[in-house]
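Asker: Next come the chains, spelled out residue by residue.
Number of protein chains: 2
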Amino acid sequence: MDQSDQAGGTDSGSAAPSRRKDARRNKESLLEAAAAVFVTSGVDAPVRDIATRAGVGLGTLYRHFPTRADLIIGVYRHQVDACAEAGPALLAAAPTPHAALRQWIDLFVDFLVTKHGLAAVLRSDQAGFTALHDYFLDRLVPVCAELLDAAVTAGEIRADIDALTLMRGVGNLCIGAESDPDYDARRLTHVLVDGLHRPH
Amino acid sequence: MDQSDQAGGTDSGSAAPSRRKDARRNKESLLEAAAAVFVTSGVDAPVRDIATRAGVGLGTLYRHFPTRADLIIGVYRHQVDACAEAGPALLAAAPTPHAALRQWIDLFVDFLVTKHGLAAVLRSDQAGFTALHDYFLDRLVPVCAELLDAAVTAGEIRADIDALTLMRGVGNLCIGAESDPDYDARRLTHVLVDGLHRPH
DNA sequence: GCCAAAGCGGAACAGTGTTCCGTATCGTCA
DNA sequence: TGACGATACGGAACACTGTTCCGCTTTGGC
Chain H
345 MDQSDQAGGT DSGSAAPSRR KDARRNKESL LEAAAAVFVT SGVDAPVRDI ATRAGVGLGT
405 LYRHFPTRAD LIIGVYRHQV DACAEAGPAL LAAAPTPHAA LRQWIDLFVD FLVTKHGLAA
465 VLRSDQAGFT ALHDYFLDRL VPVCAELLDA AVTAGEIRAD IDALTLMRGV GNLCIGAESD
525 PDYDARRLTH VLVDGLHRPH
Chain R
345 MDQSDQAGGT DSGSAAPSRR KDARRNKESL LEAAAAVFVT SGVDAPVRDI ATRAGVGLGT
405 LYRHFPTRAD LIIGVYRHQV DACAEAGPAL LAAAPTPHAA LRQWIDLFVD FLVTKHGLAA
465 VLRSDQAGFT ALHDYFLDRL VPVCAELLDA AVTAGEIRAD IDALTLMRGV GNLCIGAESD
525 PDYDARRLTH VLVDGLHRPH
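Line by line, the protein sequences give chains H and R.
Oh and the first sequence: position 150 is 494 in my numbering, straight run, nothing missing.
Oh and the second sequence: position 108 is 452 in my numbering, straight run, nothing missing.
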C-alpha cells in the first residue's frame, strides 16, 4: 500500500501542508497506521488503536483527521483515483461500451471487497460520513456516467438507471462480501449489469 | 401493527411463556415499545429508550430479549411469516414463475425499505445478530428457492444464482433506501431480477 | 537565543451496550 | 388466608468508544 505523499502536494482544495516537520511526520504516521489497522480490524477500528499504533495522542489524530471519513479518504484516495482514471481507458479498449462498463465495475468491486467494511461505511447515514460518500461519488460517478452514456448511446442498455443509482447499487451489493466466502458480490454485480441490457 | 401474541403460543422452539402475569405483560410492553421506537428512531435505537418507553428496567429488557436481534425478530416475526406464506400463493397465481419471483421480491423489498435500518442490521456482521440473520434466512430462503427453482425449471432464468445469494443481494440493495428518496431500491432489484433471465 | 505560533498529548466527558445482584412480586400449597 | 420459594424486577455499575478541551511542548523565523 502506497500513500507516501498524502500529506503533500496534490491535496485537492484542502489545507496546505503544515510548515512544521513534526506535523507532517505525524500525519504520515497516522495514514500508515490507519492503513495497517484497516487491514486487520476494518475501517471501523477504534480510533484509539490507530493513534496508539501511530504513536501519537488522540488530539493529534483528530486535528489531522477531524472525522473518520477524512482518514479513510486519505488512506484510499490513490486507489479511488486510479479506478476513476481507468474508466476512459477501458472505454477505448473494450469491444463495446457495455463490456467496458462491466470491466470497470469489476475494478470497483474488487477494490471495495478487499477493504473490510468500507462498502458498509460508504453506505452509512451517520453524520460525518457524508465527506467520504461525497468523495467517492464526486470521483467515480462522472466516470460511471460516461460509460453508461456510451452504452445507452450505442443502444445496448436501458436508459432509466442513472450513474448514481447504479454506483450505489453496486456498492451495496459489495457490503459484507469480504467476510462471507459464500456471498459472491462479483457475480451479483454481473447479474445487475446484465439486467441493464435493453429488454427486447 | 399487531403482535398481540408474540409472548404466547406459536413460539417456534423458544422458551415457554412465563407463568407469571407481570412477566408476560412486560414482554408485551417491550414489544409494543420497541415497535414504536423502531418506527421513529430505527432498529438501532438505544436500548434504554425502549426500556423507558415500556416502563421497565434494563434488566427486564435483557431478560426477555438477550440480544437486540431477539427484539427485532419479536417485532417483525408476523410480517416475515406473512411474506414467506405469500410465496406459494404468488407462484400459483402469476402467469410465469419469473413473474411470481419478481412480485415476491417486491413484497420483500417493500417490507425492508419501510423498516428504518433493518436491511443494514440484517447484513451486519456484529456478534449477536446472527440470530436475526438466521431467522430471516430460515424463513425466506426456502420460499425464494422454490420460486427460483420453478423459474429455472421453466427455462426462464439462469441457474447459477442460488436463493441465498439472491436474497442477500436483494437485502443489500435495500440498505439505505428508507433515508434517501433518490435511491430507488425497488427499481434496482427489478434490474437484478431482470438480469437473471437466461441470456439468449 | 528568544518568542509567538503551531502542534501535541491525554484526561475528561458523553453516549451506548451489558452485567449483576439486592429487592419486590407472584403463584402455590398448606 | 398466610407463608414461602421461585421468579422476575430495577437500575447502579462497568466497559468500551467517540469527541472535546486545554495546559504544556516543540518548532521555525527573527
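Hints should not be assumed to be uniformly reliable.
Heads up, the list lumps identical chains together, so a pair's fine if it works in one copy or across two of them.
[To be verified] 25 Å max Cα-Cα, derived SDA-like pairs, lysine to any residue:
no., residue 1, residue 2
1, K459, T474
2, K459, L508
3, K365, L402
4, K365, L451
5, K459, H477
6, K459, T396
7, K459, A503
8, K459, T509
9, K459, F473
10, K365, T509
11, K459, D469
Think of the hints as simulated: they come from the structure by calculation, not from any bench.
Asker: Hint by hint, say whether it matches the structure.
Answerer: Each hint tested on the structure:
1. K459 <-> T474: both (18 Å within a copy, 22 Å between copies)
2. K459 <-> L508: both (21 Å within a copy, 23 Å between copies)
3. K365 <-> L402: within (19 Å within a copy, 51 Å between copies)
4. K365 <-> L451: neither (37 Å within a copy, 59 Å between copies)
5. K459 <-> H477: both (15 Å within a copy, 22 Å between copies)
6. K459 <-> T396: within (21 Å within a copy, 39 Å between copies)
7. K459 <-> A503: Cα proximity of K459 and A503: none, with 31 Å in one copy and 30 Å across.
8. K459 <-> T509: both (21 Å within a copy, 20 Å between copies)
9. K459 <-> F473: both (16 Å within a copy, 22 Å between copies)
10. K365 <-> T509: Neither: 43 Å inside a copy, 51 Å across copies.
11. K459 <-> D469: Both. Shortest intra-copy (19 Å) and inter-copy (15 Å) distances satisfy the 25 Å Cα cut-off.
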